[in-house]
Amino acid sequence: MNDGLALGQGEAFAEIVKLLEPFRKGDAPITLDTDITRDLNIDSLAVMDMIMELEDKFDVSIPLNVVAETKTVRELADAVGQLRTGA
Amino acid sequence: MGLFDRHAALIERYSAAREAGMDPLRVRLERVLSPTEAIVNGQRTLMVGTNNYLGLTFDESCVEAAVDALRAEGTGTTGSRTANGSYDQHESLERELADFYGMDHCMVFSTGFQANLGTIATLVGEGDYLIIDADSHASIYDACKMTAATVIRFRHNDAADLEKRLRRLSGATGNKLVVVEGIYSMLGDKAPLKAICDVTKRHGAYLLVDEAHSLGVLGGGGRGMVEEAGILDQVDFVVGTFSKTLGAVGGFCVSNHPEFENLRLLTRPYMFTASLPPSIIASVRQALHVVRTRPELRTRLWHNVETLYDGLEAAGFRLGPDRSPVVAVHMPDLETTTGVWKALLDAGIYVNLAGAFATPNGVSLLRCSVCAAHDSEQLERVIETLTGIAASIGLLPRPVMAAAG
Chain A
1 MNDGLALGQG
11 EAFAEIVKLL
21 EPFRKGDAPI
31 TLDTDITRDL
41 NIDSLAVMDM
51 IMELEDKFDV
61 SIPLNVVAET
71 KTVRELADAV
81 GQLRTGA
Chain B
1 MGLFDRHAAL
11 IERYSAAREA
21 GMDPLRVRLE
31 RVLSPTEAIV
41 NGQRTLMVGT
51 NNYLGLTFDE
61 SCVEAAVDAL
71 RAEGTGTTGS
81 RTANGSYDQH
91 ESLERELADF
101 YGMDHCMVFS
111 TGFQANLGTI
121 ATLVGEGDYL
131 IIDADSHASI
141 YDACKMTAAT
151 VIRFRHNDAA
161 DLEKRLRRLS
171 GATGNKLVVV
181 EGIYSMLGDK
191 APLKAICDVT
201 KRHGAYLLVD
211 EAHSLGVLGG
221 GGRGMVEEAG
231 ILDQVDFVVG
241 TFSKTLGAVG
251 GFCVSNHPEF
261 ENLRLLTRPY
271 MFTASLPPSI
281 IASVRQALHV
291 VRTRPELRTR
301 LWHNVETLYD
311 GLEAAGFRLG
321 PDRSPVVAVH
331 MPDLETTTGV
341 WKALLDAGIY
351 VNLAGAFATP
361 NGVSLLRCSV
371 CAAHDSEQLE
381 RVIETLTGIA
391 ASIGLLPRPV
401 MAAAG
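Protein chains in written order, with this note's numbering: chain A, 1 to 87; chain B, 1 to 405.
Just so you know, these hints were derived from the structure itself, not from any lab. Remember, predicted model here, so these are calculated numbers, not experimental data. Ideal placement from N, C-alpha and C gives every residue a C-beta, glycine not left out. Keep in mind that a hint or two might mislead.
So, partial list: chain A residues that the calculated Cβ filter (under 8 Å) puts toward chain B [what the hints assert, rightly or not]:
1. Leu45
2. Met48
3. Met52
4. Asp59
5. Ser61
6. Asn65
Construct the entire structure; sequences and hints are all you get.
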């Protein structure tokens, strides 16, 4: 599942999956390729709330701008991973 | 893909609300009779969803001032102040607002929305940080889209959460602007402004407070939450609107920042919009004078707030957390809210229907706004009618519901 992810991204991925769990459509599992707004029952407000949870979990600042620039779980996990390592 | 396909979910919810038999987005006030009454669907209707907190829309002195200005200076300015010049009255109003807050500078905008959009998006840019309360108004969220600054959101009305987020930015070199509101428009809750101001200042950030719903309502002199919290000498920018307590339309920003006037060169929602017509400016100036000289209206308003808030609370409704002129009644879901809203309107009472996309966490609310011009009988009627409707569909009686989102 974590193929191609650095350690930081892997942890971020696990946390994102946990936070997105309540928004799953049917039985489809959340994967790296899940499109956050298209494949889930989630609105923009809930996405922003998830960003706050991720900020607190990893003690980083995640700009809201990141939300507009990431479509998939992979992109978000990458972005969070990079913020954690200061890349 | 059709032009509106990406909005399908919202459009679908709207259609469902319309099926209740009345389109909540197209309520027509066939004739407005007073600050508290209008004809709706051919029926004399009590208005409890106007934001007309002091009831000044029909104040004789404000109407007279507008009429005089209309006759003297015409219907409109037909241009922006930047390109077409300022009328003497625009500058007088700016001086009077600056004086009201005891600040050095004021800029008047053509709407409150533009005042937030223009000032916020101009004050911070690339390399800067904009830190907003999670429940901010749409105009603040749109300012976030317009600025190149990094935007961080903190948990609603939570000074400790703000501090945590400012601490994470402590190594950052750019300017930081914290944006909050005095009273939040949907739930009517007040900001813990003293604590927010302390945290903001401790971290070297600027503070902007939007007093749209608190101007004329809070503070001994009606200056809003900044006055009630005692931070007038510390707040960097106060934004407000003319479309609520002041009974017209327009917005403003006041500040002591020595370079504030640069905003006139930089703020596009100010530079590229026609300025407010003379009649609007004249009635706003008079309304501000009324706010300053008739504190009894504020006393009357708070008496009415107490009547409605305490009455609905005693009836068993779950309300917004603070007593304020916005009294928000929690409903279990959008369908129930729409049904109760329609039943109230049929009974001759207009309140605001507020649901997903406009409310924090998408909660469903019947939003009432209290006016100094309401009389006790009118407010008792609201309590009685709403209680009757809610009881008839099994919403009441029940013990006060446990707090839940």
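Verification of the hints:
1. For leucine 45/A, the interface hint holds, since its Cβ comes within 8 Å of a Cβ in chain B; the closest pair sits about 7 Å apart.
2. Interface hint status for methionine 48/A: upheld, as the beta-carbon distance to the closest one in chain B is roughly 6 Å, under 8 Å.
3. Checking methionine 52/A against chain B: minimum C-beta separation of about 6 Å stays under 8 Å; hint holds.
4. Evaluation of the aspartate 59/A hint against chain B yields a held restraint, the C-beta minimum of about 7 Å falling below 8 Å.
5. A cut of 8 Å between beta carbons decides the hint on serine 61/A: the least distance to chain B is about 5 Å, and the hint holds.
6. Because the beta carbon of asparagine 65/A sits about 6 Å from the nearest beta carbon in chain B, less than 8 Å, this interface hint is met.
Hint violations for this structure: none, all hints satisfied.
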